[in-house]
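Read top to bottom, the protein sequences are chains A and B. Just so you know, numbering that gives the first Met the number 0 puts 94 at position 95 of the first sequence, and the rest follows in order with no gaps. Just so you know, numbering that gives the first Met the number 0 puts 89 at position 90 of the second sequence, and the rest follows in order with no gaps.
Honestly, I wouldn't trust all of these hints.
Short derived list, chain A residues pointing at chain B, Cβ under 7 Å [said to hold, decoys possible]:
| id | residue |
| --- | --- |
| 1 | V45 |
| 2 | L48 |
| 3 | L49 |
| 4 | P52 |
| 5 | Q53 |
| 6 | L62 |
| 7 | V66 |
| 8 | R74 |
| 9 | V132 |
| 10 | R133 |
Hints in this document: simulated from the structure, not taken from any laboratory. Remember, it's a predicted structure, so these values are computed and weren't measured experimentally. Quick reminder that beta carbons are idealized off the backbone N, C-alpha and C, glycines included.
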Amino acid sequence: MNCQECHDYIDAYIDNELDISSTILVKQHLRDCLDCQQLLESRKAVGALLHNPQIRFEVPDSLLGRVQSALPVPRSAVKQRSSSRLVLPWFTIPLALAATIAVMLGLAFLNQEGVIDRSQGNALAQEAISSHVRSLHERRL
Amino acid sequence: MNDEQTRTRFETLLLPLMKDAYNLTRWLMKNQEDAEDMVQESYLRAYRFFGTFHEGTNCRAWFLRIVRNTCYTALGDHDLKQKQVPLDSEADEIEDTSPLPSVSLSKKATVESVREAIAALPVDFREVVVLRELEGLSYKEISAVSGIPLGTVMSRLARARHQLYLLLSDRKQHDQL
Numbered sequence: 000m001n002c003q004e005c006h007d008y009i010d011a012y013i014d015n016e017l018d019i020s021s022t023i024l025v026k027q028h029l030r031d032c033l034d035c036q037q038l039l040e041s042r043k044a045v046g047a048l049l050h051n052p053q054i055r056f057e058v059p060d061s062l063l064g065r066v067q068s069a070l071p072v073p074r075s076a077v078k079q080r081s082s083s084r085l086v087l088p089w090f091t092i093p094l095a096l097a098a099t100i101a102v103m104l105g106l107a108f109l110n111q112e113g114v115i116d117r118s119q120g121n122a123l124a125q126e127a128i129s130s131h132v133r134s135l136h137e138r139r140l
Numbered sequence: 000m001n002d003e004q005t006r007t008r009f010e011t012l013l014l015p016l017m018k019d020a021y022n023l024t025r026w027l028m029k030n031q032e033d034a035e036d037m038v039q040e041s042y043l044r045a046y047r048f049f050g051t052f053h054e055g056t057n058c059r060a061w062f063l064r065i066v067r068n069t070c071y072t073a074l075g076d077h078d079l080k081q082k083q084v085p086l087d088s089e090a091d092e093i094e095d096t097s098p099l100p101s102v103s104l105s106k107k108a109t110v111e112s113v114r115e116a117i118a119a120l121p122v123d124f125r126e127v128v129v130l131r132e133l134e135g136l137s138y139k140e141i142s143a144v145s146g147i148p149l150g151t152v153m154s155r156l157a158r159a160r161h162q163l164y165l166l167l168s169d170r171k172q173h174d175q176l
């Protein structure tokens, strides 16, 4: 192997990408050639600088979320999501009925105990009806 | 496999590769904003063509090829022609090697100066350097990602490393003045 051939193979030699026979030839040449030894050292020096993990660029934190939200939502997931909006849990209606009954019972109890001022309530209702009647009369005039 | 299972499989296989994809796009596009756009676009393309990916084959190489092609498409033919290395230049023999002592090179070069040197390479050289040195791909994988023959991978890598050495040596000499 001459120097030119060694130059051609030196990178593949460093990267362990050469077949065994070429590797042996490069090794033998390097043993006897100072220039090619120097070339090997310079390549290794560049390699050492490039293997510094800080040379790589780190992924910005926001990119993962950005990509995930840009990807199309699977159709089955859309169906599932839209259907989940329409179908109420089984206990919703009985719960609503129970709440209504509880409120009604509560009001009936308060009424029975006289907590709600009936006369005041009647007076307000009477006043509301009277004002409505008055407005009807005024419209006719 | 339904849509949801496909999405889950896609995310399981490809989201862990985001750091590789971003690093490659960042070096090819040279700025963060464009790199982020290219990563997103690459994932959308990969999702569209995920049906063509065969389980058990090299997922990383498959995805990086999409990433690389997305960047090259964005760089555009005109821009790319200016940055590409002429073919006759690739065929040239490696000229003057005259290396400086490697120890002084290692001591002088900072992370920033190495990054600047990589960025100064023509895009074809930069690509193989990033794929080999930063991503650790084999020559065969680089060939698959870049769509170039193995011999071209080897010659581009040799020339790229030589240029890097010269760039870093020049910097070193400049720093000493």
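Right, here's what the structure says about each hint:
1. V45: It holds, given that the least Cβ distance between V45 (chain A) and chain B is near 5 Å, below 7 Å.
2. L48: Where the cut-off is 7 Å and the nearest Cβ of chain B is about 5 Å from L48 (chain A), the hint holds.
3. L49: holds (4 Å)
4. P52: Cβ of P52 (chain A) sits 9 Å from chain B, so the hint is violated.
5. Q53: Holds: closest Cβ of chain B sits about 5 Å from Q53 (chain A), inside 7 Å.
6. L62: This hint holds: L62 (chain A) lies near chain B, its Cβ roughly 6 Å from the closest one there, short of 7 Å.
7. V66: holds (5 Å)
8. R74: holds (5 Å)
9. V132: Hint violated; V132 (chain A) Cβ to chain B Cβ min 65 Å, cut 7 Å.
10. R133: violated (66 Å)
Figure legend: structure checked against the earlier numbered hints; hints not met, in rising order: 4, 9, 10.
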